[in-house]
Amino acid sequence: MSKRPLEVIELDRVRYAAGLELMEARLAQRMKDEVPDALFLLEHDPVITMGRRANADNIVVPAEALAARGVEVFETGRGGDVTYHGPGQIVGYPVIDLKPDRKDVRKYVCDLEHVMIDVCASYGVKAGRVDGLIGTWIDERRKIGAIGVRISKWVTSHGFAFNVSTALDAFSLIVPCGIRDKGVTSLSLELDREIDPKQVRGRLIEAFEARFGAERIAY
1 MSKRPLEVIE
11 LDRVRYAAGL
21 ELMEARLAQR
31 MKDEVPDALF
41 LLEHDPVITM
51 GRRANADNIV
61 VPAEALAARG
71 VEVFETGRGG
81 DVTYHGPGQI
91 VGYPVIDLKP
101 DRKDVRKYVC
111 DLEHVMIDVC
121 ASYGVKAGRV
131 DGLIGTWIDE
141 RRKIGAIGVR
151 ISKWVTSHGF
161 AFNVSTALDA
171 FSLIVPCGIR
181 DKGVTSLSLE
191 LDREIDPKQV
201 RGRLIEAFEA
211 RFGAERIAY
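Per the working numbering, the sequence shown starts with residue 1, numbered consecutively.
Some hints could be false.
[To be verified] Below 25 Å or equal to it, Euclidean Cα-Cα: the simulated BS3-like pairs (lysine-lysine) are:
#, residue 1, residue 2
1, LYS103, LYS32
2, LYS3, LYS153
3, LYS153, LYS32
4, LYS32, LYS107
5, LYS153, LYS99
6, LYS3, LYS103
7, LYS103, LYS153
8, LYS107, LYS182
9, LYS126, LYS198
10, LYS153, LYS198
11, LYS126, LYS107
12, LYS32, LYS3
13, LYS107, LYS3
14, LYS182, LYS126
15, LYS99, LYS32
16, LYS99, LYS3
Don't read these hints as lab results, they were simulated from the structure.
I would like the entire structure built from these sequences, with the hints used as guidance.
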């Protein structure tokens, strides 16, 4: 089977609103079949995002305290509950058409989980899935990768967040994804050494290509 072309768009650190605008513009183009599939990779300034099913009570500090810390809050159109994005975390926004042969939401989410599992494995870290929960986990207790997606007419948007060197104390501002009895972790913490997110991007791209049968467009 021939591989599908994939444009990888790598950005530096951007505010959430700016990244969202770029993603939505690309989504509109992809839905009209004007451009190929794309994968955005970036980092966000500190932000708490609320999915369509989010419970506001899962933000556990007042708005004034968040503002003082420089953390924005956004309601967004993805699935899922409350999550945090910030420096040291690689955010991936796949904008890909699942038609004609990949129209399976559960498989798509599972594939995103496995992309992060494969990246962890490349560093010698064993990660996996947890039945009944979405995301990528270490020892079924510590989440290293979160997922929140939206699919419109079988074209995907939003995506995943992979903790590389994220300041994990920021997750104390929320109940991550509404899950109270689990923790969060990062690749740097698991390896007990600082990992540069930019060094991880290449492995994420390779894992995404392999999992989705895609091939990066060379320019």
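Do the hints match the structure? See the list:
1. LYS103 to LYS32: 18 Å, holds
2. LYS3 to LYS153: At roughly 22 Å apart (the allowed maximum being 25 Å), LYS153 and LYS3 satisfy the hint.
3. LYS153 to LYS32: With Cα atoms ~11 Å apart, LYS153 and LYS32 stay inside 25 Å; holds.
4. LYS32 to LYS107: 24 Å, holds
5. LYS153 to LYS99: At roughly 9 Å apart (the allowed maximum being 25 Å), LYS99 and LYS153 satisfy the hint.
6. LYS3 to LYS103: The given pair, whose Cα atoms are some 17 Å apart, holds under the 25 Å limit.
7. LYS103 to LYS153: Status holds; Cα separation ~10 Å.
8. LYS107 to LYS182: 24 Å, holds
9. LYS126 to LYS198: 21 Å, holds
10. LYS153 to LYS198: Outside the cut-off at roughly 32 Å; violated.
11. LYS126 to LYS107: The given pair, whose Cα atoms are some 21 Å apart, holds under the 25 Å limit.
12. LYS32 to LYS3: Given pair LYS32, LYS3 holds - Cα atoms ~21 Å apart, limit 25 Å.
13. LYS107 to LYS3: 18 Å, holds
14. LYS182 to LYS126: Status holds; Cα separation ~17 Å.
15. LYS99 to LYS32: Satisfied, since the Cα-Cα distance of roughly 13 Å is no more than 25 Å.
16. LYS99 to LYS3: 14 Å, holds
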